[in-house]
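Chains as they are written, first to last, in the numbering used here: chain A, 1 to 292; chain B, 1001 to 1399.
Because the hints were derived from the structure by calculation, they are not lab data. Hints may be right or wrong, so weigh each one.
Once the Cα atoms are required to be at most 30 Å apart in a straight line, the calculated DSSO-like pairs of lysine-lysine come out as [as the list claims (entries may be wrong)]:
{"hint": "1", "chain 1": "B", "residue 1": "K1058", "chain 2": "B", "residue 2": "K1074"}
{"hint": "2", "chain 1": "A", "residue 1": "K228", "chain 2": "B", "residue 2": "K1275"}
{"hint": "3", "chain 1": "B", "residue 1": "K1123", "chain 2": "B", "residue 2": "K1358"}
{"hint": "4", "chain 1": "B", "residue 1": "K1211", "chain 2": "A", "residue 2": "K228"}
{"hint": "5", "chain 1": "B", "residue 1": "K1259", "chain 2": "B", "residue 2": "K1201"}
It should be emphasised that the depicted structure is a prediction, and the values quoted were computed from it without experimental measurement.
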Amino acid sequence: MTLTLDILLSGLVLGGMYALIALGLTLQYGIARIINLSYGEFLIAAAFGALFLYTGMAVNPILGMIVVVPAAFVSNWLLYQVVLMPLVRRAKNQGMLEVDSILGTFGVLFVIQGVMLVTFGGSLQSYSYLSVPVYILGTTLALNRILALVFALIIGGVLYLFLTRTRYGTALRAVAVNPAAAQLTGIDIRAASALAFATGGAIVGAGGVLISMFLTFSAAMGVVFTMKALIVVIMGGIGNMLGALIAGVLLGISETAVARLVDPGLTIAVTYALFLGVLLWRPTGLFGRPAR
Amino acid sequence: MSKRSLAALALAAAAMGALCAGAQAQDTIKIGWAISKTGPFAAGAAVTTLPNYQVWVKDVNDAGGIKVGNKKMKIEVIEYDDRSNSEEMIKAVERLATQDKVDFILPPWSTGMNLAAAPIFNKLGYPQLAVTANTNKATEFTKRWPNLTFWLGLPSEIVDGIVETFAKMNKDGKIGKKVAMVAVADQFGIEQSTAAREGLKKAGFEIVYDKSYPFGSQDLQPVLKDAQAANPDVLLAFSYPPDTFALTDTAKVIGFNPKVFFVGVGTAFPGYKGKFQANAEGVMGIGGSDAALPGIKWYIQHHKEVIGREPDRWASPITYASLQVLQQAIERVGKIDRAAVIKEINTGSFDTIIGKVKLVDGQNKNIWAVGQWQGNDFFGVAPLNKAGAKPVIAKPAWQ
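Construct the entire structure; sequences and hints are all you get.
Pasting the structure below:
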């Protein structure tokens, strides 16, 4: 019983981190229709931002988000307007936009990585913040990781409510479902997509700050997070906030369970097995709607 | 591109080549390297290798250069980024030798890259001071490629040092016989843990937990919880820097307090002490240095002044020492004769910051297998009979 509880809680915290990483991408991919391969680079950039504020200016990372998150929002908005807009304009259909955006953001990845390498160097970075134990139901967890889970839940919940309960959210969903028809109802697609993309960027900024509190990172590590986020997003159903949350938590709990009950060497294998299983059973993800 | 612009380009290239040749009147010594400035290896190269190349070049040039015959030659550097890709690295090394015509080439970072580079260094006839390579086949390789030298000791020597340290602590009644071992599932982790498993069993230790985890994993709470449940005297981890940090952090959070806490690569980084502060006290790891040695004292301070941070305490001082060996070998030969320099490196005896270096079968034997954080430094504690070895202290519980 204690073991089960331990696995569930540790898995939940790990899954919270996965969900946190994936939430921004599900917005960018689900609504703005951009497969952003430079996504992880923004996460690392935010982590560097937090590190700089904390070690250089003694600003704690939670407060640091006040600076980092708007900066991430603005830079992603600019990225969309300047780099991606020409691709959106010339794309004849969604498939073409996906291919072009993959190639385009692949280039952006190297630009951001290069800038970070020149600015911060290639070495591993790490600092300690809120790395204190919290005892919940007989399980010990790290406070900084719990914080990541809490933020994932808040961000996921708020976005879900925004998308389903507000007028603007409905407009964004309309863009996601059928851009051409959305335009006919008077929705400014360009503005809506840019907003969705920038909001996704702001979320990954928050994720980067939170994750930097407990993971060691380097300028070259962004792609690891992009991969994980893609898996969670595709598993959860593209553009689905709750899907990303649930898929993240599912991955976290399965990895923890396999590590404790079978062998820690199999955690990566279980991630991909689960991914494959979901895709075979539901090709559009756990909560995705079938494509027309 | 039109034929005309192609021709123009060819002309420009030829002109540039002629200019370079003109400037190459030998009063500088050209030294090149291909190293990972981007990609997954960049983090390791940026800690251990590249800063030492930079410090050494600066030191040599500040002193007027390397004395070749009766003139002092300053170093001119040519650097390429291999993007953590062995094919890129090999291409760059070839380019350094054939197009840039450098006099010496400094090696890339990591075991894999150095082994991949060995055939080409050998074919081109350049000495290869493979400092960051660590393999049990070192003797076989140096026989095959006499220009290749190893500096970090064999993995088996590191394991011998570990077993020897634990056995002594056990004999002194400081620890019991239960060891929990975890390792990263790649060549480094598997080679070391296989050797350690054998060595520990032979020395009468009981391995109560023995698992590997995937490369790159930083979520190691499940691993440590099970290790903790086995109630070991020793945690022995063959880990890489990110996981070394994660293991320490997690052990602290879950209150896992074995009498010996031994983590892998990264323990000797100054960043380890920087992150964990007082909690680093008593933690053991691979490597170490004899901080009482005047050369090491000077080196740590000097590295900090030039680069802005302290060096790591495992391969960094050895990298710098290997460059001192190269310099002394060139000066003794008295001309740019690579075959003679290779011979001198292999047979000569050299004074360096780590003390006397005399290669045996192309391998440096002046190494620390086990180090321990004691106060502000990561001191070498094993081999136990090595001069300057500090006695092991008891590790306090996490704060």
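Here's how the hints hold up against the structure:
Taken as a hint, the B/K1058 and B/K1074 pair is honoured in the structure, with Cα atoms around 10 Å apart against an allowance of 30 Å. Proximity of A/K228 to B/K1275 is assessed by CA-CA distance (about 27 Å); at most 30 Å being required, the pair is judged to hold. Proposed proximity of B/K1123 and B/K1358 is supported: the alpha carbons are some 25 Å apart, at most 30 Å. For the hint linking B/K1211 to A/K228, the alpha-carbon distance of about 24 Å falls within 30 Å, and the restraint holds.
Restraint check: the Cα-Cα separation between B/K1259 and B/K1201 comes to about 19 Å, which is no more than 30 Å; the hinted pair holds.
In this structure, none of the earlier numbered hints is contradicted; all agree with it.
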